Amino acid sequence: MSLEHEKLRMVDVKRGILRKFLLSLLLALLVGLMAGCGQAEVQPLRFNAAPWQSNETSLYELTDINGNYAGTARYDLTQLEGERWNLRREINAQGMQEIIVVDMGESGFRPLQSALFRMDGDGTEIVNTVYSGSEANLELTTKQKVMTVERISIPSDAREQSTLVMLLRALPLAANYAVRLNVFLPIVGTLDRVTASVVGEEQVTTSAGTFATWHVRMETADSETEAWVAQEAPYPVVKFIDSRNGGTFELSEFQAGE
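When the letters of the sequence shown are read in order and numbered with this note's numbering, they come out as residues 240 to 497.
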């Protein structure tokens with residue numbers, strides 16, 4: 240083979256290598272673009288006006304992680320004087336009753352104060368919390384009636400954990416929507432950063448009916464809760480799975496407020 244032919248052959252080899260490299264690069268870009276399609280895009284935190292009316296009630300049937308009946312839950316929302324909402328949640332499950340009452344501001348639904356009562360055969364545990372700017376002032380009473388107080392610094396935009404499921408209804412949920420919230424749990428004094436993402440649309444049927452819903456995933460560093468929120472006003476929460484215990488809450492009755 241002549242030197243000229245060898246040079247031409249090497250040029251063809253280099254062109255082939257370059258062509259393969261460019262094709263691989265283009266394929267990688269296409270895969271990246273396809274992977275990005277459908278991913279939730281984090282939005283600034285913004286709540287719509289409350290979609291619920293005063294004296295609204297949502298009743299749920301609970302099943303445990305194994306699918307066995309575990310109890311009931313009830314959420315009540317009531318409007319108070321002074322541009323406030325009151326959320327009351329009562330859970331009766333497996334020999335334990337828990338009642339949480341939270342007063343929230345009407346704009347942004349930030350907590351103002353809350354009270355938790357957890358009762359079983361051994362007694363009652365109580366946690367009272369008063370929120371003041373970037374502080375949560377806790378008064379804890381044990382089942383042995385020992386009281387302690389604690390002051391915890393929290394972000395001023397933190398919402399109380401027990402209200403989070405209902406607050407999903409006031410977010411502008413849509414395909415590929417996501418938002419991050421600071422969430423405080425008074426009974427253990429912990430703060431979580433929660434990312435709530437719409438991961439799809441689903442038809443969900445419970446004893447309360449069949450609903451077109453947004454499937455929302457709420458993730459922290461070590462937990463994942465899922466909720467299904469109806470797409471039509473007043474956007475009731477049709478179903479959710481509590482990451483703390485694996486329990487499933489399914490809407491059994493919904494009474495709109497007035």
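Keep in mind that the hints are not guaranteed to be accurate.
As the list claims (entries may be wrong) - Derived Cβ-Cβ restraints for the label pairs, each shown as a range:
no.: 1; residue 1: T449; residue 2: P283; range: 16 to 24 Å
no.: 2; residue 1: I304; residue 2: Q336; range: 41 to 49 Å
no.: 3; residue 1: E389; residue 2: A413; range: 12 to 20 Å
no.: 4; residue 1: G496; residue 2: P411; range: 36 to 44 Å
no.: 5; residue 1: G321; residue 2: G485; range: 35 to 43 Å
no.: 6; residue 1: P290; residue 2: N421; range: 41 to 49 Å
no.: 7; residue 1: E389; residue 2: V438; range: 23 to 31 Å
no.: 8; residue 1: L424; residue 2: L319; range: 29 to 37 Å
no.: 9; residue 1: D361; residue 2: S395; range: 22 to 30 Å
no.: 10; residue 1: D396; residue 2: S462; range: 34 to 42 Å
no.: 11; residue 1: D361; residue 2: Q318; range: 16 to 24 Å
no.: 12; residue 1: E389; residue 2: G439; range: 36 to 44 Å
It is worth saying that the hints were derived from the structure and are not from the lab.
If you're wondering where the values come from, they're calculated on a predicted model, not measured in any experiment.
We put the beta carbon where it would ideally sit given N, CA and C, even for glycine.
Structure-based check of each hint:
1. The hinted range of 16 to 24 Å is not satisfied by T449 and P283, whose Cβ atoms lie roughly 33 Å apart.
2. With their beta carbons about 20 Å apart, I304 and Q336 fall outside the hinted range of 41 to 49 Å.
3. For the hinted restraint 12 to 20 Å between E389 and A413, the CB-CB distance of approximately 39 Å leaves it violated.
4. Checked against the given bound of 36 to 44 Å, the beta carbons of G496 and P411, roughly 21 Å apart, lie outside it.
5. Between G321 and G485 the C-beta distance comes to about 39 Å, which sits within the given range of 35 to 43 Å.
6. Taking 41 to 49 Å as the suggested C-beta distance range, the pair P290 and N421 does not conform, at roughly 22 Å.
7. Distance hint check for E389 and V438: the Cβ-Cβ separation is about 36 Å, which falls outside the suggested range of 23 to 31 Å.
8. Here the CB-CB span from L424 to L319 is close to 23 Å, at odds with the stated 29 to 37 Å.
9. A hinted range of 22 to 30 Å for the beta carbons of D361 and S395 is inconsistent with their spacing of about 36 Å.
10. Checked against the given bound of 34 to 42 Å, the beta carbons of D396 and S462, roughly 20 Å apart, lie outside it.
11. With their beta carbons about 36 Å apart, D361 and Q318 fall outside the hinted range of 16 to 24 Å.
12. Taking 36 to 44 Å as the suggested C-beta distance range, the pair E389 and G439 conforms, at roughly 40 Å.
Hints 1, 2, 3, 4, 6, 7, 8, 9, 10 and 11, counting from the list given before, are not met by this structure.
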